[in-house]
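Chains A and B, in that order, are what the protein sequence lines are. Sequence positions in the first sequence follow our numbering and run 51 to 145. Sequence positions in the second sequence follow our numbering and run 805 to 1308.
Treat the hints as calculated values from the structure; they're not laboratory data. Please read all numbers here as calculations on a predicted model, not as lab measurements. Note that the Cβ used here is the ideal one computed from N, Cα and C, for glycine as well. Some hints here could point you the wrong way.
Incomplete in silico selection of chain B near chain A, CB under 8 Å [said to hold, decoys possible]: (1) Pro856; (2) Ala861; (3) Met1112; (4) Glu1147; (5) Tyr1229.
Far from chain B by the CB rule (all over 12 Å, computed), these chain A residues [as the list claims (entries may be wrong)]: (6) Ser52; (7) Ile84; (8) Thr106; (9) Leu110; (10) Ile126; (11) Asp132; (12) Glu135; (13) Pro141.
Here is how the chains run, residue by residue.
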Amino acid sequence: MSIDIETARKVAHLARIRVEEDRLPALAQEFNDILGFIEQLNEVDVEGIEPMTSVTPMRLKRRADVVTDGDQQEKILKNAPDAREGFFAVPKVVE
Amino acid sequence: MLDHLAYEAPAPKVIAGAKEDWELVIGMEVHAQVASKAKLFSGASTQFGAEPNSNVAFVDAAMPGMLPVINEFCVEQAVRTGLGLKAEINLTSAFDRKNYFYPDLPQGYQISQLYHPIVGEGEIIVDMGPGVARKVRVERIHLEQDAGKSIHDMDPNKSFVDLNRTGVALMEIVSRPDIRGPEEAAAYVTKLRQILRYLGTCDGNMQEGSMRADVNVSVCRPGQYEKYMETQDFGHLGTRCEIKNMNSMRFIQMAIDVEARRQIAILEDGGEIVQETRLYDADKNETRSMRSKEEAHDYRYFPCPDLMPLEIEQGWVDDIAASLPELPDEKMARFVKDFGLSEYDAGVLTAEAENAAYFEQVAKGRDGKLAANWVINELFGRLKKEDHGITESPVSPAQLGSIIELISADTISGKIAKELFEIVYTEGGDPAQIVEERGMKQVTDTGAIEAAVDQIIADNPAQVEKAQANPKLAGWFVGQVMKATGGKANPKAVNQLVSRKLGL
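Bound-form chain B, shown alone (with noise of 0.2 Å):
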């Protein structure tokens, strides 16, 4: 089995400054909340958009004297993930309380795992184009819980304290600063989702906050990240800055960008970075301290007292393991060598596993690249058009498949074909018999052909001189015979009869 198609890194961005070239590195914490039904440490809901303080235990809104118990099914999604990311597994872990005030985390400390996360090593390779990857390592994950929400636009002088999400379990992937540019960043958020998403693990959905990322920016000179990999001694590197909690891809990249240019800038003036919490503000498309998060930075981590030590067995890692999906990377290579896609088209066809799905069924024991056309161009062409998704679609996959069957047996044009998915798409029925029904069929019978060709040349002599000077114009020739036909005509036959008669 193949892990991953060949591929090459690509080049880092490099900005120019007022004096002289600078690259950037980048590394993030991706946050992603565990598709789990209850809290990692309570029994309240998960449920997104749920009445202010309904899904809240005793436990969440830190009342005195209730105890934390974990959720085996968060701690399995955690593994699962590191699994897929082909991560070291700790057999043992433990959580530690990570210690700061704020108004929606009740218990005065957010319990993660600093110490003895329960993921090590991993590695994401994020697609950059075909036959162009950044090879991304994962330092950790660990598992810890997500604080409730403040909304200061409801009143004046009083913010307002939401504990629904006070709680639910995160994923914390923290990956190492490899990541060489903007665009990169956004690639990299985009697979950690599609490798997610196909784990089941997480749904991904950003709008609903179930994955953020908070993202390191510096600026270094050219060769410095070079020297950096080899001793992987971060004194070649510049001070970094954390921009927090950002949940969209455009934003991400836009941030990263203004971040390193003011670096640049400072850099450039003689000055020095201070390593520190930055916020995005989108409107002005600006990043600035913040302030408060400084002193908070003091957390004083201590092994929480409530929870003994995470002790998970190999055995059950191994049963994870071996129900593990086929993984992007995998299916993709798979998709190329079996199907004879190109590199883009496997990559659009396996960026949600449905679709992927879907084009199977279409493909088997079919024309690969031929359904592969038809899925991607026509079905999720026609299906954005109403903005549904593969799971709503009208066609089956055994409709589609029967009507590249009918393609590759030559018994409709393309063109025909065309018609034919349009009316299966919006009135249902099976392909072969609408094709019957309404004498869709292409005309191969090249005696019906040669007649209206000649009919068409007997028509039009001031067309046929023109054509025969100029040969480009017998294409007018061709779509006449199309339409006296009907669009039945095989294109092909019609081509060479019209060349024949014209005697070009």
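The shape of chain A in the complex, shown without the other chains (with noise of 0.2 Å):
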């Protein structure tokens, strides 16, 4: 896989990254070294196996359904550049 300015320009953009517009070339260039020092992983033949998730027997920890948290409005909202009446204010959304 290529990876070209446009390419860039747009994975920049949705990951909401600002990149000016002279800076694009190098980062495709960067984003082709990193995937093609990766695709060397294809060399090896897996057909069959399963993907290995971690490498210690582990288990997904699980929770019981009991509330143990929230009630911390305040704390949540504390580092909000803008909260009122108990909300985020953000710049206006709306479809």
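Hints are included, so try docking the two chains, each in its own frame, into the full complex.
Take a look at the structure:
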């Protein structure tokens, strides 16, 4: 797979990262280098082998259905640039 | 055990365009909120209507370093729902991140199950009337997080965000495109809601947003759908549009109709349908494109690195299966078979599990049809008048059962029974005792009835003449006798006596 400048611009936008126009070619090249490096893995034949998700035999930890958290409106809103009447206030987003 | 009564498939809805006929093809994605106390990955409450941002854990607010821990009860409810829809349960499933930015999604991604859902193929039989039903295939059910809520009308320049709903567990139930009309779509949601409520996995409260549907609509020429069913090749069907976030049965139907007509107009004009997400505007009765959603459609899914695959044991699934209640289809079939009810009555009585349980207590060991009539017509009618549910009924199943026994034993007439019901409803008490104390017993003593008939015939010679000329007028005498006996005379006996005495 090859990343062109257009793809790099799109990915940056989707990730909400501002990249100046003159930085895009280098960024695309870096992406390509990384993908090329990872593509070496394709040389290994993994046909019929289950994907390994962890190196330790761990089971997904579960929780009981009990309310143990919340009730901390002040703390939740503490870092908000703008909060009013218990809500986060953000620039108008309306469909 | 009978799974479902015999049925035939309904005809698909056909819309006549300006040039030709078109059929509808509809698939649905229903988001059903799991009836859990805490959220899917945090210990915050799911209580509806709380103070804004009070049911929020740091996990839900996506504070740095916070990690999700799955709520086992939510997993159990998804499995339970899958079993209720006769679906395959996947013992290994996994969570993925669906990436997009929106103010009510602080993580910047929704944890969902794209590649390995917990539940696979199932089915829902959608009842469209006695003997008519559509089998709709369910493709999958996966677990995912809900987003928060944005409010746009509290300030002219700002949107207000409440994260109370953020992270609440949803089951997304995805159907195949097997629904063939607006009414079927609404009936599908109704049936799904009924099953979820029987299972207890979702409260089905559409006003509070516990159930919301995305509706995929396309149109095709007659015959195309059959080709699709034969080959499962979507190439035979039209391009679909998705109408987002519907939570009213009425609007679902209106939106499908108006969207189908929009597509037909474009196609007949030689245009092409663009696959897109649309929003239904009920005020204008139109759908319109949600352009902002289009770009966000590049969700860049990848396995969530914070969560191990979800592995469950067959034994646990078997235990859940063993605890399933009798489901609507089976209950309805049993009511028809065991109590001799019509399919329609059985459908009404099984709509809610509480109603069905009440009816069974009334009908047990008594006349099933009579019990069904009384529960549906008298009790439901009376409760509805006061906007009460069955659980608020002042008449217990034992009391109503006793009234039915009095009717069956010919102790009281149907008319008196209604009066008795009203007394029991408003005052309470033992029906048999009330009948005894207030002298409501039916008069079956022909001697007494005969005397009353004779009296009325003697008093009304002109009416006698008319009735003899026109036997239909005999009803007037029956009415007079009933009045004279305070409604307690056995109507059958009165009828016979009046006919005989008038020489009809």
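Verification of the hints:
Among the interface hints, the one on B:Pro856 holds; its C-beta lies about 4 Å from the nearest C-beta in chain A, closer than the 8 Å criterion. Hint status for B:Ala861: holds, given a least beta-carbon distance of 4 Å to chain A, under 8 Å. Hint status for B:Met1112: holds, given a least beta-carbon distance of 4 Å to chain A, under 8 Å. Taken as an interface hint, B:Glu1147 does not check out: its beta carbon lies about 38 Å from the nearest beta carbon of chain A, beyond 8 Å.
Because the beta carbon of B:Tyr1229 sits about 39 Å from the nearest beta carbon in chain A, more than 8 Å, this interface hint is broken. No Cβ of chain B approaches the Cβ of A:Ser52 within 12 Å, the least distance being about 18 Å, so the stated non-interface status holds. No beta-carbon of chain B is positioned within 12 Å of the beta-carbon of A:Ile84; the least distance is around 15 Å. Against chain B, the non-interface label of A:Thr106 is violated: not every CB pair exceeds 12 Å, the least being about 10 Å.
At roughly 4 Å, the least C-beta separation between A:Leu110 and chain B is not larger than 12 Å, which violates its mark as non-interface. Chain B draws A:Ile126 into its interface by the beta-carbon criterion, the shortest separation being 5 Å against a cut-off of 12 Å. Not every CB of chain B is more than 12 Å from the CB of A:Asp132 (nearest about 7 Å), against its label as outside the interface. In this structure A:Glu135 is not separated from chain B by more than 12 Å, as the shortest Cβ-Cβ distance comes to only about 7 Å.
Its beta-carbon lying about 7 Å from the closest one in chain B, A:Pro141 breaks the requirement of being farther than 12 Å from that chain.
The structure fails hints 4, 5, 8, 9, 10, 11, 12 and 13 (numbered hints given earlier, in ascending order).
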